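Chemist: Here is what each chain is made of, one letter per residue.
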Amino acid sequence: EAQVTQNPRYLITVTGKKLTVTCSQNMNHEYMSWYRQDPGLGLRQIYYSMNVEVTDKGDVPEGYKVSRKEKRNFPLILESPSPNQTSLYFCASSYLRGAYEQYFGPGTRLTVT
Amino acid sequence: GDSVTQMEGPVTLSEEAFLTINCTYTATGYPSLFWYVQYPGEGLQLLLKATKADDKGSNKGFEATYRKETTSFHLEKGSVQVSDSAVYFCALYSISNAGGTSYGKLTFGQGTILTVHP
Chain A
1 EAQVTQNPRY
11 LITVTGKKLT
21 VTCSQNMNHE
31 YMSWYRQDPG
41 LGLRQIYYSM
51 NVEVTDKGDV
61 PEGYKVSRKE
71 KRNFPLILES
81 PSPNQTSLYF
91 CASSYLRGAY
101 EQYFGPGTRL
111 TVT
Chain B
1001 GDSVTQMEGP
1011 VTLSEEAFLT
1021 INCTYTATGY
1031 PSLFWYVQYP
1041 GEGLQLLLKA
1051 TKADDKGSNK
1061 GFEATYRKET
1071 TSFHLEKGSV
1081 QVSDSAVYFC
1091 ALYSISNAGG
1101 TSYGKLTFGQ
1111 GTILTVHP
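Residue numbers (the working numbering), protein chains in the order written: chain A, 1 to 113; chain B, 1001 to 1118.
Derived from the structure by calculation, the hints contain no laboratory data. Check each hint, because a few of them may be wrong.
[What the hints assert, rightly or not] Here chain A is said to cover these stretches of chain B; the calculated rule only asks that three of the stretch's residues, wherever they fall, bring their Cβ under 8 Å from a Cβ of chain A: (1) 1040-1048; (2) 1107-1116.
[Unchecked claim] Capping the alpha-carbon separation at 25 Å, the derived lysine-lysine pairs in DSS-like fashion look like this: (3) 1105/B / 71/A; (4) 69/A / 57/A; (5) 57/A / 71/A; (6) 57/A / 1105/B; (7) 65/A / 1105/B; (8) 1052/B / 69/A; (9) 65/A / 17/A; (10) 57/A / 18/A.
Note that the coordinates shown come from a computational prediction; the quantities given were computed from them, not determined experimentally. Every residue, glycine too, gets a C-beta built ideally from N, C-alpha and C.
With the hints as constraints, model all of the structure from the sequences given.
Modeler: Below, the structure written as structure tokens:
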């Protein structure tokens, strides 16, 4: 089954404790992206990747890191989480051309206390 | 930059009522327009799309027409069901260039929560 998986689905952590949210897709997509969803703000892009070892900042990259060492995986790293990073995070993937038909993961709800 | 504005929610309707969710956009050039739907506890799914002016996208009884003159892409459904309860996002697809490669970027509206009661 074609899908985008994220782990964990729920995470509660404390300020400053490094964490990684994993994202994996099995559709051989070149393009992968991370979004955060906040009430009243819709989805905002954090980082994206057009292929292995090619990543770039989205609209709200501060406080986040990403890497793309394999085509299928695109982890999101929070080196020192802060409460303002409490949010719902989505990973998405697509072919590079036709990026509008993005396939979304189920989401990771992160709470930073 | 590109932006999408949706009507404020939440929207609460009775089953079989008519639905309209307004969406307007600002963009350079000729973007493609989309509606995504997010059911409770799930990620977003593409609901429908329109790639040029006057196109009508449709799926699952939902429709939206790309109106270039009013820069709008309003979502409509003639008779909603309880199972339509979800968050609906209007989105705009634009072409960007990075390192000599063209790629598309989705810009989302803020989302509209729809609740349908029996």
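Chemist: Now, for every hint given, state plainly whether the structure supports it.
Modeler: Now the hints, each set against the structure:
1. Only when three residues or more bring their CB closer than 8 Å to a CB of chain A does the claim for the stretch 1040-1048 of chain B stand; here the count is 6, and the claim holds.
2. Using a Cβ-Cβ cut-off of 8 Å, 4 residues of the stretch 1107-1116 of chain B lie near chain A, which meets the minimum of three, so the contact claim holds.
3. At most 25 Å may separate the alpha-carbon atoms for a hinted pair to count; residue 1105/B and residue 71/A meet this at roughly 19 Å.
4. Pair hint residue 69/A plus residue 57/A holds up; C-alpha atoms about 17 Å apart against a cutoff of 25 Å.
5. Taken as a hint, the residue 57/A and residue 71/A pair is honoured in the structure, with Cα atoms around 18 Å apart against an allowance of 25 Å.
6. Between residue 57/A and residue 1105/B, the direct Cα distance comes to roughly 12 Å. Compliance with the 25 Å bound is thereby established for this hinted pair.
7. At roughly 19 Å between alpha-carbon atoms, residue 65/A and residue 1105/B fall within 25 Å of each other, so this suggested pair holds.
8. As the CA atoms of residue 1052/B and residue 69/A are separated by approximately 37 Å, the hinted pair breaks the 25 Å bound.
9. This hinted pair checks out: residue 65/A and residue 17/A have alpha carbons roughly 14 Å apart, not beyond 25 Å.
10. Between residue 57/A and residue 18/A, the direct Cα distance comes to roughly 20 Å. Compliance with the 25 Å bound is thereby established for this hinted pair.
Of the numbered hints listed earlier, the single one contradicted by the structure is hint 8.
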